[in-house]
Amino acid sequence: MVLDFNTLYSPFDRFDKLFEEFLSPGVAGRKSMAYPPLNLSQDDDTIYVRAEIPGVDMSGIELTLTDKTLVLKGERKAEEGKYYRQERPAGVFHRVINLNIPVQRDKVNATMKDGLLTVALPKAEEVKPRTISIDVK
Amino acid sequence: MSDVMKKEDKSLPTFRPATDILEREDGFYIYMDLPGVHKDALVIDLQENDLTVSGKTSYPAPENERYSEMQFGNGEYRRSVSLSDIVDRERIRANLNDGVLELYLPRVEKTQPKRIEITSG
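First to last, the protein sequences are chains A and B. Note that full-length UniProt numbering has the first sequence beginning at 1, numbered continuously upward. Note that full-length UniProt numbering has the second sequence beginning at 1, numbered continuously upward.
No lab work stands behind these hints: they were computed from the structure. Do not rely on the hints blindly, as some may be mistaken.
As the list claims (entries may be wrong) - Here are some chain B residues pointing at chain A (derived, C-beta under 10 Å):
#1 Arg-16
#2 Ala-18
#3 Phe-72
Beta carbons: idealized from backbone N, C-alpha and C, even for Gly.
Next up, chain A with everything else stripped away, as it sits in the complex:
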């Protein structure tokens, strides 16, 4: 890789690896990852967990929020019939996402659209960045 700053820990390696996997066409490149693939992001107010789970509706997904983790569970069932080719992953999936920030448990919101699951976890008030006004005397 072109960017190599450190011998001990380099977040860029990881990023580059992911990037290469996106570029490589075909399922083979993505197979090494756990199912379902996740995107984790946050803004000032909310943590977002997104997952690509095509073919499973909201009722087939179990979301459990514990103190420090969000657990995503579900099952993709295989279609009935005589198979000529079977590439779509089927079976039970289970992913645990570590949340290092406390969230407002009662305001968690999950939506599903076109096979994309989005879970929005609002951050707890006490961890939100806020401006502290300093009175100059």
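Fit chain B to the known structure of chain A by using the hints.
Below, chain B without anything else, positioned relative to chain A:
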């Protein structure tokens, strides 16, 4: 602006969607995983024996979000399937639901055997 758009279009990675092909009593079924593809962004093209499915994902890119993990992103799905002659091309049905495309390919209806009555003369 249009130049930027073009550049972005070119850099979109292409994926081969995971595909199941199976047979049931009433015909053949193809299932393709196309998460993130809206119905309007999906093109199914049949040219002679080749059925080509292509679709682009359109995930929104919210400005203020900082990503700590990214295992999927925008891209284009593309896959061709060759159809055999026993598929009735006129009656192919497609249905996109929850990010999975279901194609139903019925068999050509066989001509029913016909009994010929013999009338005595």
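Outcome of the hint check:
1. Against a cut-off of 10 Å between C-beta atoms, the interface hint on Arg-16 of chain B holds, since the closest Cβ of chain A lies about 5 Å away.
2. Given the 10 Å rule on beta carbons, the hint for Ala-18 of chain B holds: about 4 Å separates it from the nearest Cβ of chain A.
3. Restraint check, Phe-72 of chain B versus chain A: the minimum CB separation of about 4 Å is within 10 Å; hint holds.
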